[in-house]
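S.K.: Residues per chain are reported as follows:
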Amino acid sequence: MRKSMVMLVCLIGVGLLSFPLVAGGILRYTQSFPTNIDPALGSDYSSTRTLTILYDTLVYPDTSGVPQPHVAERWDISADGKVWTFYLRSGVTFHDGTEVTAEDVAFSVDRILAIGEGWSYLFEGRIEKAEAVDKYTVKIYLTEPFGPFLTILYKLYIANKDLITVNIESPGPYGEFGDYGRGYLVSHDAGSGPYMIKEVSLGEFVLMERYPWYWSYVAPKAPNEVKQIGTTEAVTIKTMMSGQELEISDQWQAQESLQALDRLEGVDIAKLSLGGVYHYMIHTRKPPTDDVHFRKAMAFATDYNTIVTHIHPGFTQARGPVSASTPGFDPTTFQYSYNLDKALEELKQSKYYDQLDEYLVEIHWISEVPAEEKVALLLQAGFAQIGIKANVVRAPWLSVVEYMAAEDTSPHLVPMFMPSDFPEAGALLHSRYHSVSARSFQQNEWLLDPEYDRMIEEALATSDSEARFAKYAELQHYIADLCPTLFLVDDISQHAYQAAYLDWPAARGEGIPIIGYDLDARWIQIDTEKQH
Amino acid sequence: MRMGIFLLKRLGYSIFVLLGLSILVFIIARIMPGDPARLALGPRAPEWAVQRVRESMYLDKPLYAQYVYWLRDFVRGDFGESLFTRRDVATDIKEFLPATIELALFSGAIMAVFGILLGSISARYSNTWVDNVVRVGSYVGVCTPSFIFAVFFLLAFGYVLHILPSIGRLSAGVTKPPVITGMIIFDGLITGNFRAVGDTLWHLIMPGVALALGGMSQEARITRSAMSDNLKKDYIAAERAQGIPERVINLRYLLKPSLIPTVSILGLDFAALLANAFIVELIFNWPGMSRYGISAMLRKDLNAIIAVIMVMGVMFIVVNIIVDIVVSFLDPRIRLGAERSK
Chain E
1 MRKSMVMLVC
11 LIGVGLLSFP
21 LVAGGILRYT
31 QSFPTNIDPA
41 LGSDYSSTRT
51 LTILYDTLVY
61 PDTSGVPQPH
71 VAERWDISAD
81 GKVWTFYLRS
91 GVTFHDGTEV
101 TAEDVAFSVD
111 RILAIGEGWS
121 YLFEGRIEKA
131 EAVDKYTVKI
141 YLTEPFGPFL
151 TILYKLYIAN
161 KDLITVNIES
171 PGPYGEFGDY
181 GRGYLVSHDA
191 GSGPYMIKEV
201 SLGEFVLMER
211 YPWYWSYVAP
221 KAPNEVKQIG
231 TTEAVTIKTM
241 MSGQELEISD
251 QWQAQESLQA
261 LDRLEGVDIA
271 KLSLGGVYHY
281 MIHTRKPPTD
291 DVHFRKAMAF
301 ATDYNTIVTH
311 IHPGFTQARG
321 PVSASTPGFD
331 PTTFQYSYNL
341 DKALEELKQS
351 KYYDQLDEYL
361 VEIHWISEVP
371 AEEKVALLLQ
381 AGFAQIGIKA
391 NVVRAPWLSV
401 VEYMAAEDTS
411 PHLVPMFMPS
421 DFPEAGALLH
431 SRYHSVSARS
441 FQQNEWLLDP
451 EYDRMIEEAL
461 ATSDSEARFA
471 KYAELQHYIA
481 DLCPTLFLVD
491 DISQHAYQAA
501 YLDWPAARGE
511 GIPIIGYDLD
521 ARWIQIDTEK
531 QH
Chain W
1 MRMGIFLLKR
11 LGYSIFVLLG
21 LSILVFIIAR
31 IMPGDPARLA
41 LGPRAPEWAV
51 QRVRESMYLD
61 KPLYAQYVYW
71 LRDFVRGDFG
81 ESLFTRRDVA
91 TDIKEFLPAT
101 IELALFSGAI
111 MAVFGILLGS
121 ISARYSNTWV
131 DNVVRVGSYV
141 GVCTPSFIFA
151 VFFLLAFGYV
161 LHILPSIGRL
171 SAGVTKPPVI
181 TGMIIFDGLI
191 TGNFRAVGDT
201 LWHLIMPGVA
211 LALGGMSQEA
221 RITRSAMSDN
231 LKKDYIAAER
241 AQGIPERVIN
251 LRYLLKPSLI
261 PTVSILGLDF
271 AALLANAFIV
281 ELIFNWPGMS
291 RYGISAMLRK
301 DLNAIIAVIM
311 VMGVMFIVVN
321 IIVDIVVSFL
331 DPRIRLGAER
341 SK
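Protein chains in written order, with this note's numbering: chain E, 1 to 532; chain W, 1 to 342.
For reference, chain W alone in the conformation it holds in the complex:
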């Protein structure tokens, strides 16, 4: 019950955050140079056709009126037409978002599993060559942008070895499952099209790993650091004195509290994946929303820019709420704190 109230409060705050975000993005998008309608229709399109687009987007109205119209339509679920793809932005997002979420989930899973695993190993073998290798690897991972990994993987596994597919989500000849979620892996599992599931996983390896390495390294470093700190705590010494097996101490008493900072950062890293996937999507011709958003920005596609940023904003908020919930389960002090504050 108390958790429910806590969530409702968070959602309430989130509405103000989104409103603020929408105003900020709306203004920034509109002060960029260039007439978006003219840009969309081309320099030689007749003026009446350009004017029709301006009117349909209320660009002939004052800025505050434009915002009010936009907000009204947005609440109704009408994001307007993309000047870039010439379709409803909602249709575009429906098509592009699942591809990005699929990529982000795959990368997020790699980040979480291997980041925590490597961090735990590093902490367990602290100050040995294993720890040193993981730490140096983590530094490299954190400071290297994902597109460097993407280019490296493409050249190594696509250009030289020819063992992984270079682009796209599915190989030619593999039937795409009917769209249910838009994520081929889930749609394939639901409809029993396991060939498509396997093929998509195969296509996900290069972009997914390239995108995950930075976050994974971050998670490994944080997990190691937290576990190393906790190892020095008195309660661990007490548990050892009581003869509790090392494996139980590591998993139950050391890892669980050490995961709290990792989970918090993992949530942020996961949300950032959604927005930062741009170059990776571009290199692997992955038809995702991050690439769509950047393309829209370069073409001053106002409706698409705002819709993409709002969707990203919602994703950040949702992920943060999930992180809060997970952390509250990992850390009883937070749960108890919330209860006391009631």
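Looking at chain E on its own, in the form it has when it is part of the complex:
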């Protein structure tokens, strides 16, 4: 009897110890509607922030964006740089309790490539196939060497093959795979991340709760529940923040709203850099902006200081095509400044100097983003001071995208907020200036420069990161010298948050500067005694 009692006490003790300590209230944040929680479909801010905590990835970034072992405890790469072998750790479990295996990784690769949506463009054309060698070893074959391969794996979410397979609805658009589980994954998850889906009310909220058997580190006071609320209305956000019904606001709030939120007791504004940029793209094949001196004249006639102090306060002036927070950024890249003497000097070297009256530069701004009008008018005023005539044109985004589809209809100047696909300078250097992006909204420059294409392709194919970063630096100088863009500011994501009871590493500059990881709830701690 006594022996049985001792055993019972031991069992209870073991049970208590093995059940993780969960303490931390609820974390609520707003995002634009809707949120897509299917790992092969979601790729916007809202979806990516949710997917990051529902799913695990092979590697996980550190605070500098450098890949660290995660589900893959180690990896190696073939001599030709085309075959990556990942060795998975054992004991990682999905939310249904089954173990994560190499089969699941290979299935996740196949699924995202077959569906061709969401983050698939990162893998499309780069991954040839994925193959499970044994239970814990998976090989990924690339079509050609790709140096930053590990960083794009931040967006390869490992999904539960068995769970998805039993929930496939047939027939569907993917042949023998029916709908590939898309119907099921609208309101369920198939991940192994630190949080799992509790309830989805489409258009209203996504509620997640802690997965108690998560294998990796979660901060001691991380929230028990995370609720993503589908609204970005300023007055609603302010009301909720004031009543502590909301912990973190979305990044779409206007400056005036942020200032009002900042005045609330206990609320601060977090400024996160996720590697994005806000630039004006200049058409380099259309007179008069086809002349490099004309473009440089415009760059020197731009009042950057007014932009960062009045129009986008809190932002920093850009230095070249890459954000200063992105690994691979070169701080020695030339930075244009507001200098009308230099602007005139450049303009005089332009072949259009004597014909300025004959040309009207069109400065477009996107009607859905009212703040852009201020920038457009500022540019117009700056250009007027050196004799360049400019016309400010308001146009909806979809119309601008249509104009940019052809060289002759692309406007002279088009604004562009561009996030970085993966945390390396090569992401923007490729997506913005390589010839493949001409005709798309990503490039109004029409650079079409074979030499540049060769250089960026060579840089991306370089496996050694130090050598790759040196090539990125060379490309940044190349672009700055060509001046195909007005490099305005590095984009900052601004969020109001409850500083009084929230410890959010990203807000104090210690977060991970990658979309999704900036709001990873596993690192955010809540002082529940102060949270109402």
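Accuracy of the hints is not assured; some may be wrong.
To be verified - Think about it this way: if two alpha-carbon atoms lie no more than 25 Å apart in a straight line, the pair counts; the simulated BS3-like pairs of lysine-lysine are: (1) Lys221/E - Lys198/E; (2) Lys374/E - Lys389/E; (3) Lys82/E - Lys135/E; (4) Lys139/E - Lys129/E; (5) Lys227/E - Lys256/W; (6) Lys176/W - Lys198/E; (7) Lys94/W - Lys227/E; (8) Lys198/E - Lys9/W; (9) Lys233/W - Lys256/W; (10) Lys232/W - Lys256/W; (11) Lys198/E - Lys286/E; (12) Lys198/E - Lys139/E.
It should be emphasised that the hints constitute simulated quantities derived from the structure, not laboratory data.
Let chain E serve as the given structure and place chain W on it in line with the hints.
M.R.: Leaving out everything else, chain W in the frame of chain E:
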């Protein structure tokens, strides 16, 4: 029997109205700039994936063929996939429509009850301070958009006083009843989940009243006007001369005929609520169809745009038929007119 024929005729006309509406919306939606498939999948999605979506929506076919395919699928109940939520549009509508109807019914009830009540009081106390207050209030109500009321209520009762819930349909911790109609109040009543019923009513106060005030003011003005006109009629003087009590005159002989224009406008206002709830739904994060429809339009979600407008069209037609029936019961001349025309 004659009413049945009348209804059948109305339904017959309605089919032509809906057909015309579908052609109009179909063309307008497709001449908007931008490739909807590319827009849905994002600028960097591979071309083959975008092409697959184009083919699934017949966007690679001529416009008339697209319409024929769409009509065929629509008749079968297949509204296609939403490029915005990536689900079947029918599933989306099934989820979002009940929330909007619930909101509209609540607002409609406020509009009808308080609009008629205030109009009657105003007419009863015509040209007194009571009448003046109601009339000025009605002017303010009619000319103020519902989102102004919504913002005001949110700031007053959510931000300053913290006495009403700011967003959503249910509080955290309140169990949602199983979906039967999709309207939480009805589902809660059916399943005996009265906590959910009370909580939803609590959540409905701000959006519901904000949405109702415009229509309510309109109803009050029309009721007052109709009652004031009828008060001057000879039959009212005759009834008074016969010594019929004032209360009976007001309720039976004055209010009933005066409600005919009110009911007609009430029907239109109610149907308009369904479509106009957009900003109120947005401000209160109410997951309704009006918000869904506008979001679909902003993203050129062709299937969702057409389906939402068609559903709204059907709702307008249904409400108008109900109004016709109610008016025919209120006004014997209409019933008799219909019978004579036979």
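S.K.: Now tell me, hint by hint, if it's right for this structure.
M.R.: Structure-based check of all given hints:
1. Lys221/E - Lys198/E: Measuring from Cα to Cα gives roughly 20 Å; hence the hint holds.
2. Lys374/E - Lys389/E: Satisfied, since the Cα-Cα distance of roughly 17 Å is no more than 25 Å.
3. Lys82/E - Lys135/E: holds (22 Å)
4. Lys139/E - Lys129/E: Holds - the C-alpha atoms of Lys129/E and Lys139/E are around 8 Å apart, at most 25 Å.
5. Lys227/E - Lys256/W: violated (51 Å)
6. Lys176/W - Lys198/E: At roughly 13 Å apart (the allowed maximum being 25 Å), Lys198/E and Lys176/W satisfy the hint.
7. Lys94/W - Lys227/E: Roughly 24 Å between the alpha carbons, so the hint for Lys94/W and Lys227/E holds.
8. Lys198/E - Lys9/W: Given that 25 Å is the threshold and the Cα spacing comes to 50 Å, the pair is violated.
9. Lys233/W - Lys256/W: At roughly 14 Å apart (the allowed maximum being 25 Å), Lys256/W and Lys233/W satisfy the hint.
10. Lys232/W - Lys256/W: With Cα atoms ~15 Å apart, Lys232/W and Lys256/W stay inside 25 Å; holds.
11. Lys198/E - Lys286/E: At roughly 54 Å apart (the allowed maximum being 25 Å), Lys286/E and Lys198/E break the hint.
12. Lys198/E - Lys139/E: violated (34 Å)
Violated hints for the displayed structure, listed by number in ascending order: 5, 8, 11, 12.
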